[in-house]
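According to my numbering, the sequence shown is numbered sequentially starting from 3.
Quick caveat, the hints were computed from the structure, so don't treat them as lab data. It should be emphasised that the depicted structure is a prediction, and the values quoted were computed from it without experimental measurement. Among the clues, some could well be false.
[To be verified] Derived CB-CB ranges, DEER-like:
(1) GLU75 / ALA19: 56 to 62 Å
(2) GLU115 / ASP48: 48 to 54 Å
(3) ASN47 / GLY6: 27 to 33 Å
(4) GLY6 / HIS92: 47 to 53 Å
(5) LEU143 / THR91: 47 to 53 Å
(6) GLY78 / GLN32: 53 to 59 Å
(7) LEU150 / GLY6: 35 to 41 Å
(8) LEU95 / GLY36: 26 to 32 Å
(9) ALA147 / ARG76: 31 to 37 Å
Ideal Cβ positions, reconstructed from N, Cα and C, are used throughout, including at glycine.
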Amino acid sequence: TDTGLYTCTATNAAGNASLSYSLHVQVPPQLQIGDGESPLTAVANDSLRIHCRAMGIPTPRIRWLKDGHPLGERDGVVVSEDGGTLLITHVGLGHEGLYICQGSNSAGVSQAEVQVLVQVPPNIKPSKVDVIVLENHTVSLQCRASGLPAP
């Protein structure tokens, strides 16, 4: 960057004078979540990490929002000390939504967002598992499965 000490010097037959300027260049936050891929798909009961890379001068302060609201421990998430990583230890359907990483410093505010989708593994609810049928008769077996997306 152009941050540094700059000196202006004026000279004539009578002498010289100088004045120094200390220049501090600030850069507004630039943010990127993961590799920029959206949406992110998570599986229910698994864990999910979302990384937010923040660049800027001075170093941006990061905060996380979901669907426009600030996130906290009560939301079942843990944020790393530097704010750059959001961890959901046990993903549930309530974690589905739009996650926003917001960075701010004295030069400005910026944000990046990612949509999180939650999938639920298939589950088959048994009815009767032992079925008796007479030879040469028709039988109907039912299989009721649930999950997201629907199996």
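The hints, checked one at a time:
1. Distance hint check: the CB atoms of GLU75 and ALA19 are about 60 Å apart, consistent with the given range 56 to 62 Å.
2. Distance hint check for GLU115 and ASP48: the Cβ-Cβ separation is about 22 Å, which falls outside the suggested range of 48 to 54 Å.
3. Our hint of 27 to 33 Å for ASN47 and GLY6 is violated, since their Cβ atoms are close to 53 Å apart.
4. Distance hint check for GLY6 and HIS92: the Cβ-Cβ separation is about 50 Å, which falls inside the suggested range of 47 to 53 Å.
5. At roughly 39 Å, the beta carbons of LEU143 and THR91 sit outside the given window of 47 to 53 Å.
6. Between GLY78 and GLN32 the C-beta distance comes to about 29 Å, which lies outside the given range of 53 to 59 Å.
7. For the hinted restraint 35 to 41 Å between LEU150 and GLY6, the CB-CB distance of approximately 56 Å leaves it violated.
8. Separation of LEU95 from GLY36 is about 22 Å and departs from the stated range, judged on CB atoms against 26 to 32 Å.
9. For ALA147 and ARG76, the hinted distance range of 31 to 37 Å is satisfied, since their beta carbons lie about 33 Å from each other.
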